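Asks: Kindly produce the complete structure, drawing on both the sequences and the hints.
Residue numbers (this note's numbering), protein chains in the order written: chain H, 1 to 448; chain R, 1 to 366; chain D, 1 to 277.
Since the hints were made in silico from the structure, they are not lab data.
Here the structure is a predicted model, which means the values were calculated and not measured.
A few of these clues could be false.
Stated by the list, open to error - Calculated from the model, a selection of chain D residues having no Cβ within reach of chain R, i.e. all distances over 12 Å:
1. S73
2. I131
3. E160
To be verified - Okay, derived cross-link-like pairs now, SDA-like style, lysine to any residue, Cα gap no bigger than 20 Å in a straight line:
4. H:K248 x D:G42
5. H:K148 x R:A160
6. H:K253 x D:V121
7. H:K118 x R:R281
8. H:K148 x R:P153
9. H:K118 x R:S297
The C-beta atom is built at its ideal place from N, Cα and C for all residues, glycine as well.
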Amino acid sequence: MNIRPNRSAWRLGAVVAVIGLVAAACGGSSSNSTNSTTANTSGTNTASAPGITATTITIGSHQPLTGPAAPGYSEIAPASNALFKYVNAHGGVDGRSINYIYEDDGYNPANTATVVRKLVLQDNVFAIFNGLGTPTHQAVLSFLQTEKVPDLFVASGCDCWDNPTQDPETFGFQTDYTIEGKVLASYEQAHYKGEKVGYLFQNDDFGQGGVKGFDQEIPSSDVVSRQSYDATAAGLANGLGNQVSAIKAAGAKVVMLDTIPVATALTLLAAAEIGYNPVWIVSSVGGDPPTLSGLLSSISKGKAGASLENGVISASYLPSFSDTANPWIALFKSIHDQYDASEPWDGNTVYGMAVAYTFVQTMKAAGRNPTRADVLKALETDGGSFTGPGLVPFGYSTSHHNGYVGEQMGVVENGAFNMSGPVYRTTDSSGTPVTTYSGTQPAPPTSF
Amino acid sequence: MLSAGFLRRPLVRHLVIAVVLVVVLFLVTGILSSYNNFQIALIASYVIAVAGLSLLTGLNGQISLGHGAFMAVGAYTTALLETHQHWPLALVLALSAVTAAAAGLVTGLGAARLRGPYLAGATLALAVGLPELTIKFTSTLGGESGLPVNPPPPVSFLGASFDPNRYLAWVSILCVAVTLVLLANLVTSRFGRDFRAVRDDEIAASLSGIRVAGNQVLAFVVSAACAGLGGAIYALATGIVNPAGFTLVLSIAILTGTVIGGLGTLAGAVWGGILLVYLPRWSESLSNGFKLNKVVSSNLSLGLYGVVLIVVILAFPAGLQGGVRQAGRALRSRFMSGPGSSGSTGAAAPAGVSTPVASGGGGETS
Amino acid sequence: MVYAAMAMALVLIWRATRVVNFAQGAMAMFSTYVAVSVIDRGGDYWEALVVALAFGFVAGAVVERVLVRPVESKPPLNAVIVTLGLLILVESAAAMIWGDSVRSYPARFSQTGLKLGSQRVALSPFDLYIIGAVLVVMAGLVILFRATSLGLRMRASAFEPEVARLLGVRVGRMLTLGWALAAVVGSLGGILVAPKVFLDPNNMDDVLVYAFTAAIVGGLDSPVGALVGGVGMGLSLSYVGGYLGYSLETVGAFVILIVVLMVRPEGLFTTTTPRRV
Chain H
1 MNIRPNRSAW RLGAVVAVIG LVAAACGGSS SNSTNSTTAN TSGTNTASAP GITATTITIG
61 SHQPLTGPAA PGYSEIAPAS NALFKYVNAH GGVDGRSINY IYEDDGYNPA NTATVVRKLV
121 LQDNVFAIFN GLGTPTHQAV LSFLQTEKVP DLFVASGCDC WDNPTQDPET FGFQTDYTIE
181 GKVLASYEQA HYKGEKVGYL FQNDDFGQGG VKGFDQEIPS SDVVSRQSYD ATAAGLANGL
241 GNQVSAIKAA GAKVVMLDTI PVATALTLLA AAEIGYNPVW IVSSVGGDPP TLSGLLSSIS
301 KGKAGASLEN GVISASYLPS FSDTANPWIA LFKSIHDQYD ASEPWDGNTV YGMAVAYTFV
361 QTMKAAGRNP TRADVLKALE TDGGSFTGPG LVPFGYSTSH HNGYVGEQMG VVENGAFNMS
421 GPVYRTTDSS GTPVTTYSGT QPAPPTSF
Chain R
1 MLSAGFLRRP LVRHLVIAVV LVVVLFLVTG ILSSYNNFQI ALIASYVIAV AGLSLLTGLN
61 GQISLGHGAF MAVGAYTTAL LETHQHWPLA LVLALSAVTA AAAGLVTGLG AARLRGPYLA
121 GATLALAVGL PELTIKFTST LGGESGLPVN PPPPVSFLGA SFDPNRYLAW VSILCVAVTL
181 VLLANLVTSR FGRDFRAVRD DEIAASLSGI RVAGNQVLAF VVSAACAGLG GAIYALATGI
241 VNPAGFTLVL SIAILTGTVI GGLGTLAGAV WGGILLVYLP RWSESLSNGF KLNKVVSSNL
301 SLGLYGVVLI VVILAFPAGL QGGVRQAGRA LRSRFMSGPG SSGSTGAAAP AGVSTPVASG
361 GGGETS
Chain D
1 MVYAAMAMAL VLIWRATRVV NFAQGAMAMF STYVAVSVID RGGDYWEALV VALAFGFVAG
61 AVVERVLVRP VESKPPLNAV IVTLGLLILV ESAAAMIWGD SVRSYPARFS QTGLKLGSQR
121 VALSPFDLYI IGAVLVVMAG LVILFRATSL GLRMRASAFE PEVARLLGVR VGRMLTLGWA
181 LAAVVGSLGG ILVAPKVFLD PNNMDDVLVY AFTAAIVGGL DSPVGALVGG VGMGLSLSYV
241 GGYLGYSLET VGAFVILIVV LMVRPEGLFT TTTPRRV
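Replies: What follows is the structure, given as structure tokens:
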């Protein structure tokens, strides 16, 4: 009987040792080359920061390339990369080409924690760029502050990225869900004042943030039904018929949707089934026309085409992908056709290119040989006045790190999103009214 | 000079070996990069959880698809106590295991009535349902966005510039060692024998005086405590607890690690933990080698992961540890006359053991 | 109903092979994509259905022969891991072949609710078609297992392979047939639900989780139980959602599952007495 314990103890030891050996074998390249960080504004390129050499800027990201969040969102990083390739082919940023490493996290925060540590500790990226998702990115938020890695343009509309005192490295990009909620709701108040309103929202930071915005503008006496659904598990597999029926029963004439595209489509489908035709006002998240019409076109066996989503009111902070007369869209489309042709052309593509353009803009503003701190400073001082593909300004300043501060209204028609409504801007705080914005979009630069 | 008999007592033996190896590993962490140390912590969290499930499923015959939920219990306990109450780390880790054990007790009481796929179904419900409760109690548990977890600050005598990932690796290696030593002693004890008896034949076990239900509940409690400790380290390593991190996917990963590593073996748990961390990275770098469109290559890497799971289980029905054991046996019979083992850490191969009795897949413990 | 179809496929595999197939949903998803391809090439709904079911049949048989057969004599968890590996493999393959964007799937009949008086109710001709199809399949399965010698041989192969073999049943062939049939039922389920939940490489996972719990509630040995469990699951989801708020929908459904299992440890419709010690 003495033999077994001996053997097992030995094996126990041997395998514990294996952990170390495997880790050692996979290690190695951890030369944390922190080079001189003195600001250099002369004409020669130096390796001014981790991830920046005389000829390259290396940045990283975590993206859902597989898994439940991949549909649609997996197009964003390739689109960003296409714009970077275009910029690189046209001389790069101050002669440096951008090397964009985006890792798949499958929208799982544990994977995000792993891949971002790999990017920062092993690949020595200069910054994390456009990391996608609220729960995923929150998994690395404090890590990026500790490591002092710029965390630029998080791909999520959570208002949690705007916290400069606690998270000085982090900057948002898109209009946050609360501002968007206020914008949609003030449009509702301007056009359907006094009508009964129903809400249908995703039960997470996205939906709740939007509802927070709705409630700042719409009197609570007008809201007759508040329905939600659960996106974390199989909340959608059962359809949204019950929620839609409840809103109909409450007599709502206007329905505000904070829903992802699939849920928007399920909502429209459920409403059609019970013959319910309210005014639909949908978050930009769930109003992407190609996705919607793709999902809904075959419902009526192609005959009526995309009829179900026609007339849906939505909003956007970027020009519509279908607005080919817009010079930015024309530029992005040509870049897409040249560098990203295997991916679809839709709102996600425009988003990926717009955020990539903003990064290029930021690096240019940060000087020829920027340190990590220079980049943060450039965004805080100049970011608020950046213009580009966006329809509204950014909120970047020393006291705020939020991205776009408003949206333009539009309506879905035959698979296109026609933006002709007013452009609104506001802030998260309930005291700030929603005002119209009259700034104009500049033409894209002719050279990069 | 200690007597040979004293050294041969299981507890002492396990302890001595564990201490030697922990010291070696502590030294190894110094030459590794910060990222590798982080990976060690992640591996450790999986190893502990997998070891717990291996005990439950391999030794006691109860399947659980819900260990991710117990990890969540441990992780949330850590988040609440470590970050918000600033309690000492050792106490936090212990309490995380205790709360998870309590959850395991409740589950085990119910599970003792269930068998096979029905038990799988009930634990699956746990895996899916429990993380969702965090959304219901948003004010305390942080809802969808969860709670941040501060990495444990290295103890002060190490100095302010000590790499927190290296410290975390130390903590987690220590936890793995403690857990494995305790489990190794448990499985060689009377309880371990009872666990196996219940797994093999419940009726025979009860006839020989084992309280079957109580035994099954005990296995669930121990197993859940391990998962809770694993979850606590997982939380410390990833720096966040939120429901998206503790989905069914995690529970299934733990089960996969358990079976692929070698069901019912503690060594297998180590293989399982390493595999869960490194296999996705290996398959990713492999598929990146094909220079495909990134989305296709990501899916290819996922597909390779699936292929590896299938191939390993077809090639080594008793898991990787079974494969290692086979290989070891083949080597030993080939070099019968040579020295039994390389002289690492003074653990010479036990004399006279040529073919250990390893009948019944997954039955052997080590 | 959505869950009922998938639950029945699980029950079928369980009865025929004693394996819970975690890749069931993924295989159904893959067959549905095959049907989409047929439709994209100009095929109509019925052609697509037939092609997808035929594909499902062959795929089910191949999976059993190539992947499951080698682990059949091994501990049952090995088969579970194989089906998990298959799940990952099939989903990634579908994403590689068809891309990962969410697709719609045409419904054969109108999805506009029927008129009851002046009100439209949430029951469309397409819903009736789904219900009819599921009932027909369930009836077919009950007849197969209860009233035909083929069904008897399949059950015998699954429960007592040694005895069955002695009695001259070709056990291997029966197991293959069981997987093939289950894949057909699963594929049908996928095509039936696709117009309602859309189609992407991952979304059948969620359906499968519910279907599995439905099958468990009903009792894994009973097609009728699968139907009742599936319908009950759908209804209870609605009621929990309606009364307690939709954020508790999933939690509520699983609480119901656990309560059922506490009262009936082997499901509502299993006739064998639970083994007690």
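Asks: Decide, hint by hint, whether the structure agrees.
Replies: Going down the list of hints, with the structure as the test:
1. S73: violated (9 Å)
2. I131: The claim stands: I131 of chain D keeps its Cβ more than 12 Å from every Cβ of chain R (closest is about 25 Å).
3. E160: The claim holds: E160 of chain D sits with its nearest Cβ about 17 Å from chain R, beyond 12 Å.
4. H:K248 x D:G42: violated (38 Å)
5. H:K148 x R:A160: holds (16 Å)
6. H:K253 x D:V121: holds (19 Å)
7. H:K118 x R:R281: Roughly 10 Å separates the two Cα atoms, so the pair holds.
8. H:K148 x R:P153: holds (17 Å)
9. H:K118 x R:S297: holds (19 Å)
Hint compliance for this structure: hints 1 and 4 are broken, all remaining hints hold.
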